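Chains A and B supply the protein sequences, listed in that same order.
Under this note's numbering, the first sequence is numbered contiguously, ending at residue 487.
Under this note's numbering, the second sequence is numbered contiguously, ending at residue 378.
Take these hints with a grain of salt, some might be off.
[As the list claims (entries may be wrong)] Only pairs whose alpha carbons sit at most 20 angstroms apart, straight line, appear in this in silico EDC-like list of lysine to aspartate or glutamate:
(1) B:K357 to A:D380
(2) B:K28 to A:E82
(3) B:K34 to A:E467
[Said to hold, decoys possible] One-sided and incomplete, this derived list gives chain A residues near chain B with beta-carbon spacing under 8 angstroms:
(4) N384
(5) Q385
(6) D454
None of these hints come from the bench; they were simulated from the model.
The structure presented is a predicted model; accordingly, all values stated were derived computationally and were not measured.
Just so you know, even glycine gets a beta-carbon here, dropped at the ideal spot from N, CA and C.
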Amino acid sequence: MELNFTGTDICAINGTRSPAEAFYDVVVVGAGPSGIAAALEAKQAGASVLLVDENPVSGALMGNDVPLYFGGRMTAATQNSERMLEAVFMSMPALELAMEAGVELLLGVTAWGVYRNGPGVQSLPEQVVGLADAKRSWLVGFGRIILATGARDLALSFPGWNQPGVMGAAALQMLLIRYSAFAGHRVLILGSHDLALETALLAIEHGVEVAGLVEVRPTPQGSGELVSKLAAAGIFVRCGTAIALAQAGINGIEAATLTSGEIIACDTICTAVGLIPSIELVDAMHGPLELDGQRGGYVPRGEANVSAVGLCAGLAGSGFDHVQYRMDWVRTLAEVCSPETIICQCEEVTRADLLGVQPPNYLARPPAMCARSLGTLLHDGPANQDQIKRLTRAGMGVCQGRRCRDQVAMLLALEAGQPFGTIPLASHRAPVRPLPMKILADWNEPAEMEAAWDVWFGIPTQWVPVEDVGTPYEDAHRAMLYTGMYE
Amino acid sequence: MSGSEVVIVGGGVTGLSAGWWLARSGVKVTVLDKFIVGWEASGRNGGGASHYSSPLFDEEQRLWPQMDDLLGYPTEHQKERILIAMTERQWEQYRFVAQRHQRLAHPVEVLDVKQVQEAVPLAGDNCFGGVHYKFGGHANPQRSVQAYAWALQDLGGTILQHSPVTGFDTAGGRVTAVKTAETTYGCDAVVVAAGPQIPQLMAQLGIDVPLAAARAEMIITEPAPMMPLGGVDGHKLYGRQTMRGNLAYGGGPHEWVDMDEGGPAARPSTPLARNLARRLAELLPKAAHLNVIRSWAGLIENSPDGRPIIDRLTSPDNVVVASMSSVGFGLSPASGHAIRDLVIDGKCSFADIDILKLSRFAGLGSDWRERRGWMPIA
């Protein structure tokens, strides 16, 4: 059978891609204080600048704890996108300054992927960032990209943590400050480092009652000044105890039971044990990362055209080892909570099944399967969280691992008896925000894309049935199916 | 061969299946993998198991329904497939394939739009019709690869991960050992099933194996309601609904790449995810509102004619080379059996696989990639 030696592969990607819709010298992702400052600085230096921020995010995404751990404690106002757009814009007076300076501002626009040529890909006409709003997605070319994506919450699992009303500190702050849309009234705060103390003070400032703070370590961990401020308001840190159970009714959380036996009435439990730099875009583009416990975990190392500012670049170092602190929390909760506690909410994976590397419940577990565990997997060599994710499904759900990735990594490290970071963190993949298929879709692709599109490689001989080779059917098959045919 | 030692280079699905088959025959098997089993194309593919163009087809069909029991671990194998035509041209092509199956007495049924929607409720009125294959199916690649690995271990085989092979020892026209940086593994026979790295490895034995690597991409959605039939292809897409409900789909243009010495270091996905999302939204319009939650890419190798290379060499005469030429996952139960037969008996017991011999590329010339147009973008 002759092969096609024309020197051209009509099904290769070459020259088929959609062009970017616009180009900016600098694109800044995230319009918090550091993002605005970076955008202004670039603009003042003469660059064309696009500043995008995903807030206000849609109510549907918030319901899935994307991008922050909202825990279902948003008011119905978050369903009104125009009202939220106004609230977000008004909450940041500096946005107006940036616009006046000539920065192009897009609110409610998410950056879901950054793409560039490098090892394994040379087919992109230029480096681009993928953007999307509530209607469509598009690509924007850039000279330099500045990530000011902030930090997200470390979620912690305990019985009842999947009930409405268990949320994170970053989400609570976002709802209080930028959305004015927090639905809770009385909040119990987990943690006592500065994040927890500041969140408690902010809540009070916004008229939210604070039931107290809970700390697994024997003493409050944050600034003495903040602890005194709270004490003056009659709010205390319960030390040397952890949450054992969150009780919920029809409207979500109603009370928390501590390991000390104390029961505290509250409608919100705010996990304020740690912030994690939002490195999704950097990781998804295979940018270099490093683990720094004092800066909150994995942080971007930075590159010439890709930089990070604000919390995305790492928490301010203060000599406090955040990773060790979180490990203390996770260890304590693992000790006091049942192995049947759900770790991955999306996929309903329990801690027992995670550490047993067991498949989801819809699959059979024959004896050989039951005999497997993280221990047997470690016997084969260093473990990898992505491998365990694929087997257990922990981290494979619609929240894209936001709620469980980090605590899964810590649980695996504890079970393996290895320091955090020895087992690589599960990878982030584009789109780094869940995006409806019809919005992600490229409805304006060039004709070249369709012309090159084949179900597989477009090699006609690959799919001629072996019985037909050398018969008249072979030519008929090739004529009918070349190109663009499955199997 | 019972009691002898076989070293398998490459812990992908083909190497692991071969190792499992050999272990079932009492052979002492060691699988060496540069990283983690199934980490490359074997663990990131469409999971299809319906390869009627292959000489291994009958064996593939015979084995898949038994694999969970044979391996002792779940593979998520599900039976049957449907091809949905979204254009007049596709409708013509798919019915051509249906006729071909009827000629060979493979059970197929041509479906009208209503019948398509009964089997595939996420399909819309925008299709022309479909072809229901009452054979074939799909499985979970990641779970299946691990199942082979564990089953192989349960039979006494050894899997050594993070152990890239650096070379071979030869004596008297045979490979006597396989080497990694730290260790030399003596052997009676070798299977080289290292995917896109086969050419580099075989070059050390003075054997040219014409294979070129390319990147392909897939997207995956959040779970959709379970459909009666999850193996849904068409509109020049391949994929499946997983048993969890997610839609995992691929297709479209590929990019030829050069291999790094240590194998595929980077597997970046690209905005091709948008073109995939568009076609999937057209194929399954009632799922168009579902979130895409991941995309990924993998590197796969192809031979010049796109057919596998499964061959036992004449010199050295104890080496079997096996590349499935980008279509390895579904055929793995059968390819492993064929490799086992070549290692132990020198001949495949259940099919004529002469068409897969390496010798068909003799005299091809070292510039075949250029002539084929399979070069990386400069």
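Hints, one by one, checked against the model:
no.: 1; hint: B:K357 to A:D380; result: violated, 34 angstroms
no.: 2; hint: B:K28 to A:E82; result: violated, 68 angstroms
no.: 3; hint: B:K34 to A:E467; result: violated, 37 angstroms
no.: 4; hint: N384; result: holds, 6 angstroms
no.: 5; hint: Q385; result: violated, 11 angstroms
no.: 6; hint: D454; result: holds, 6 angstroms
Checked against the numbered hints listed earlier, the structure breaks hints 1, 2, 3, 5; every other hint is satisfied.
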